[in-house]
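Here is how the chains run, residue by residue.
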Amino acid sequence: MARMKFLCDAERCIECNGCVTACKQEHDIPWGVNRRRVVTINDGVPGERSISVACMHCSDAPCMAVCPVDCFYKTEEGVVLHDKDLCIGCGYCFYACPFGAPQFPQTGAFGVRGKMDKCTFCAGGPEVDGSAEEFAKYGRNRLSEGKLPACAEMCSTKALLGGDADVLSDIYRQRVTMRAARGTAATPPWGWDAAYGRPDAVTGQPVPNAAPPSPAPTGGKS
Amino acid sequence: MRSVAGIVLLALPLALFLAGCGERPQVVNYKQGSYQGKPDTPAYRGAPYNGDKTQWEHALEARAQNQNEYKRIR
Chain Z
1 MARMKFLCDA ERCIECNGCV TACKQEHDIP WGVNRRRVVT INDGVPGERS ISVACMHCSD
61 APCMAVCPVD CFYKTEEGVV LHDKDLCIGC GYCFYACPFG APQFPQTGAF GVRGKMDKCT
121 FCAGGPEVDG SAEEFAKYGR NRLSEGKLPA CAEMCSTKAL LGGDADVLSD IYRQRVTMRA
181 ARGTAATPPW GWDAAYGRPD AVTGQPVPNA APPSPAPTGG KS
Chain F
1 MRSVAGIVLL ALPLALFLAG CGERPQVVNY KQGSYQGKPD TPAYRGAPYN GDKTQWEHAL
61 EARAQNQNEY KRIR
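Heads up: the protein sequence lines correspond to chains Z and F, in order.
Under the numbering used here, think of the first position of the first sequence as 1, with each following residue one higher.
Under the numbering used here, think of the first position of the second sequence as 1, with each following residue one higher.
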């Protein structure tokens, strides 16, 4: 097995926030903490792109490097986890993380921060797998049950993929191959055709777009 | 004189060949601290897999393939 990774297909993400909801529900995440969120570029403009972001479980994780109490560790599968009993809530990892993944519950007055909380790839933490302590601190441990992260498995359009990096790469490569024949350089594929176009039922080859999208009307008389 | 020219002719390709060995890494290498917290057990250690890593990996791969419509839906 290679490393566990997330991969978000920006062509397919429809900004439904289903992954965010699935994560919140699965781990009973408190108000104000978002282990996962959806970011949209050019919102409302044709050609907009959305992407679901959480901890990317970096191979060379900066959070691990800056932690002053060394509470981070990496599992055999490459999942970056941390020990909340050791975390002092300093926030260094938040500044180091390029994805803004570390979250800090604000439980008290005057901006008091709690211990850091982040996506665990549904792999729990250093407590006993499946125990009540593990759920209370880190959420559910789906990986020990032979399941993949809830956000990826719940994704309705399968934009968010989660699992072994080699398997994800194969899935994504096949999608990109199917997309390659759609549209041209002048009219690149976008939207439904780009994301969900099926191969020809007989030949199994990608089916090109029926017609390029007509340009939007400009100006006009009143 | 000819021997000096011969040495130069030999040394020049050797120097070019060895120049590749001097390449420095161009990415930042973070110095990771050593983990100070409690030890964690592998995900396949407990029930239902009871340490059977192969079975656990097969289960995860089967679920990962559910994310591929080109295989899941025909």
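Calculated directly from the structure, the hints in this document are not laboratory data.
All residues carry an ideal CB built from backbone N, CA and C; glycine is no exception.
Among the hints, a few may not be true.
[Stated by the list, open to error] Stretch-level coverage of chain F by chain Z, calculated; a stretch enters the list once three of its residues show a Cβ under 8 Å from a Cβ in chain Z:
1) 2-15
2) 33-46
3) 62-73
Status of the hints after comparison with the structure:
no.: 1; hint: 2-15; in the structure: violated (count 0)
no.: 2; hint: 33-46; in the structure: holds (count 14)
no.: 3; hint: 62-73; in the structure: holds (count 8)
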